[in-house]
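Enquirer: Model the full structure from these sequences, guided by the hints.
The listed protein sequences correspond, in order, to chains D and C.
Here our numbering is used: the first residue of the first sequence is 17, the next is one more, and so on.
Here our numbering is used: the first residue of the second sequence is 21, the next is one more, and so on.
Among the clues, some could well be false.
As the list claims (entries may be wrong) - Here are the in silico distance ranges between beta carbons for each label pair: (1) 50/C / 78/D: 17 to 25 Å; (2) 87/D / 104/C: 18 to 26 Å; (3) 114/C / 87/D: 22 to 30 Å; (4) 59/D / 152/C: 30 to 38 Å.
As the list claims (entries may be wrong) - Calculated pairs, SDA-like style, for lysine to any residue (alpha carbon to alpha carbon, straight line, at most 20 Å): (5) 94/D / 73/C; (6) 144/C / 90/D; (7) 94/D / 82/C.
These aren't lab readings, by the way, just hints derived from the structure by calculation.
Ideal placement from N, C-alpha and C gives every residue a C-beta, glycine not left out.
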Amino acid sequence: MLTKRTNILFEEETWNTLRELSKRRSLSIGNLIRNAVQHTYSKDLEIEQRKRAIELIERHRVFQKNIDYKELINAGRKY
Amino acid sequence: MPDGNTEFVVDASYILTYLLPDEKDDSARKIILQYQNKKISLCSSGILTYEVGNALVIAIRRNRISSQIGQNLLRGFVRLNIEEKVVLHDHCLSYAQQTNLTYYDASYALLAQDLHIPLLTWDKKLDRISKNNT
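Expert: See below:
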């Protein structure tokens, strides 16, 4: 859902390019800009999200003695 | 492929070796860090989260970890956002029969076979069958 608004200033040439693309692709200028942002920054955002997940795990994980992973999984499937 | 050049299927045993590392071997961490940086892609069968959740419940019941640690490990795991893919259930049933694997394990190996990519697992039987069939 689109809930955040911002104002962006463009140079004339960029603005004209966006208007032209908007007509050709039948997309609003807002849509073009949102797609461009997604395309440019989505990889960085995903890396950041994974990094935070790993930080959370590594703050809490505890090294185990004599652990049998298969047995743990099989017990989880049964009980 | 959405991410890095190399893609792997991971099973619950592999994820658990990262969440509950063996004091003698923390090698799964290297793969997870490569996944973090999008050097590789990871995916799994749709049962992965349930399997990891089940194993964490057992680890809590056995006092290997506290409930709070279990919650945080599960939260972190879910945020890793490893893609869970659907396997064709009739194929999975046949595959489980042919290989004498459980339906759960067959879903991991079948996914690796269908995608023509390696399966990362610490389960020796599953590893052997998957390597023979991929």
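Enquirer: For each hint, tell me whether it holds in the structure or not.
Expert: Outcome of the hint check:
| no. | hint | in the structure |
| --- | --- | --- |
| 1 | 50/C / 78/D: 17 to 25 Å | holds (19 Å) |
| 2 | 87/D / 104/C: 18 to 26 Å | holds (24 Å) |
| 3 | 114/C / 87/D: 22 to 30 Å | holds (27 Å) |
| 4 | 59/D / 152/C: 30 to 38 Å | holds (36 Å) |
| 5 | 94/D / 73/C | holds (13 Å) |
| 6 | 144/C / 90/D | holds (14 Å) |
| 7 | 94/D / 82/C | holds (15 Å) |
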